[in-house]
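Position chain B relative to chain A; hints supplied.
Residue numbers (the working numbering), protein chains in the order written: chain A, 1 to 261; chain B, 262 to 522.
Calculated from the structure, these hints are not laboratory results. You can trust all of the hints, since none of them are fake.
Ranges of calculated distance between the beta carbons of each label pair, as one might list FRET restraints: (1) A:F108 - B:S359: 40 to 48 Å; (2) A:Q157 - B:R515: 28 to 36 Å; (3) B:P298 - A:P37: 48 to 56 Å.
Which residues of chain B face chain A? A few of them, derived with a C-beta cut under 10 Å, are: (4) W274; (5) A358; (6) Q376; (7) L503.
Beta carbons: idealized from backbone N, C-alpha and C, even for Gly.
Here is what each chain is made of, one letter per residue.
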Amino acid sequence: MAASSKSSPYLPWLSVASVAVALVVWQVVATSGIVAPELLASPAQVFGALVEILRDGYRGTTLQHNIVATLGRCLVGFLLAVALGVPLGLWMGLQPRVSAALGDIVQFLRPLPPLSYMILLILWFGTGDGSKVVLLFLTALPIIASAAMAGVRGVPQNRILAARSLGASFPQVVWNVVLPSSLPSLFTGLRIALAAAFSTVVASELLAATDGLGWMVLSASRFLRNDVILLGIIILGLTGMALGTGLQMVERRLVHWHGRG
Amino acid sequence: MAADNPAPLTRLWAWRFGSLVLVVATWAAVTTSGLVPEVFLPSPHALGTAAVEMVTEGYKDRPLWEHIGLSLMRVFTGFGLGALVGTALGLLMGWRASVNAVFSPFVEFLRPLPQLAYLVLLIVWLGIGESPKIVLLFLAALPVAAVAARDGVRRADPTRIAAARMLGASDWQIFKHVILPSALPEILIGARLALGIVYGTLIAAEIIAGSTGLGWMIVDAGRFLRSDQVFVGIFIIGFMGLALDRLLVFVERRIVHWAGR
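Bound-form chain A, shown alone (with noise of 0.2 Å):
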């Protein structure tokens, strides 16, 4: 493809200019008085309530701790899913009887959103950090499995026929010929699985939580503010980019690394 291939150098700075026309047109449509200015927010506006909030925080929560907050439910729900989720799809991969034996509920889970199993989660659990944890743990875990099980089920025979002649142990296969070759499957699954969680996370704040970036939106809403509003949505937009971005350093490091071995 002709896009790809020839990427002249003023191509990033029409992004830039893209940006600066979408937050002029935004500003002036804000302050020409075609919309109501509780409906619409300024970015100068939005801008001011970033100072305000970093400087006298929001409702008694400083931003920091919001977006802790957010980040860390949404972070161990997700390591909570790969620490399982990992071995349990690699496992299903490679024992057929397994797989029979719980992929029925995996695949039940997978598609399932989450946020109807919170209505359960919050009647077990409270309301909690323990149910908000335990719901993106769910939310990612049947997603990983998959990947790890479809990644498993992708690896060449030739390679472990080729590991086991040459006299390795079924560890030893597992370890270094089917973990790595499964790992770009795996990838793909943590990142919608990481994006589900932290999709997952923001929705369940807005239906039960004291804090985070979610319950901020939501209060701010009802208190009519719409420049904390539009702050909120857009920290937590360039957070999910930091989040797929993180995620994205990890596996060129690990992929890279595998791929000397």
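Relative to the frame of chain A, chain B by itself:
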């Protein structure tokens, strides 16, 4: 290892069936013995009674199929519009680097942004009727479809494009006969991912701010501590999710099959 002991298919069915029987038996045992209170986990029997009641009498003045129909209509409207516009935009972004440079900052921002965060803003803007939900689902599907279409276009084989060009094909002909067919598999994978996200987002939106639909139904049942009805609702939501996913797989196979010819 999968290759070493290919278990007979009948034995795998036994494992699959056995695990489900085990789950249901454990469930029946802990609930009927009184170990877990009915409010936390209804017995299979109570679940069956609630299911029959909901199917025959509906839920709160509306027949069950109406809740299902309302949710489905929202999903298909929002997904249809978002996938259509997103795919068109993505094709352009893949085809022209300048279009990509202009739109990619917004698409990359919107994609990892938790959907429910902008639901709050949409409710402020559009009220609590159908329109904020449709716009929400439109915005949830759009970036996913756009990125898939863009990546699909980029995956088109440069030699095939060069060959078509050498044979005198116009830009439009190359787009229609070379690029679009090569991008189609990626577009359909994106559509499947987008539909899953749209469905999850809708259920979450109905839970947080709905007055009809499947999501509202379970959150309402939860308020009255009718966990039997919550469970029935979760199963319906789960099977609907599976059915939607299967539908897209079916469409995918048909279309790519046709394109392959």
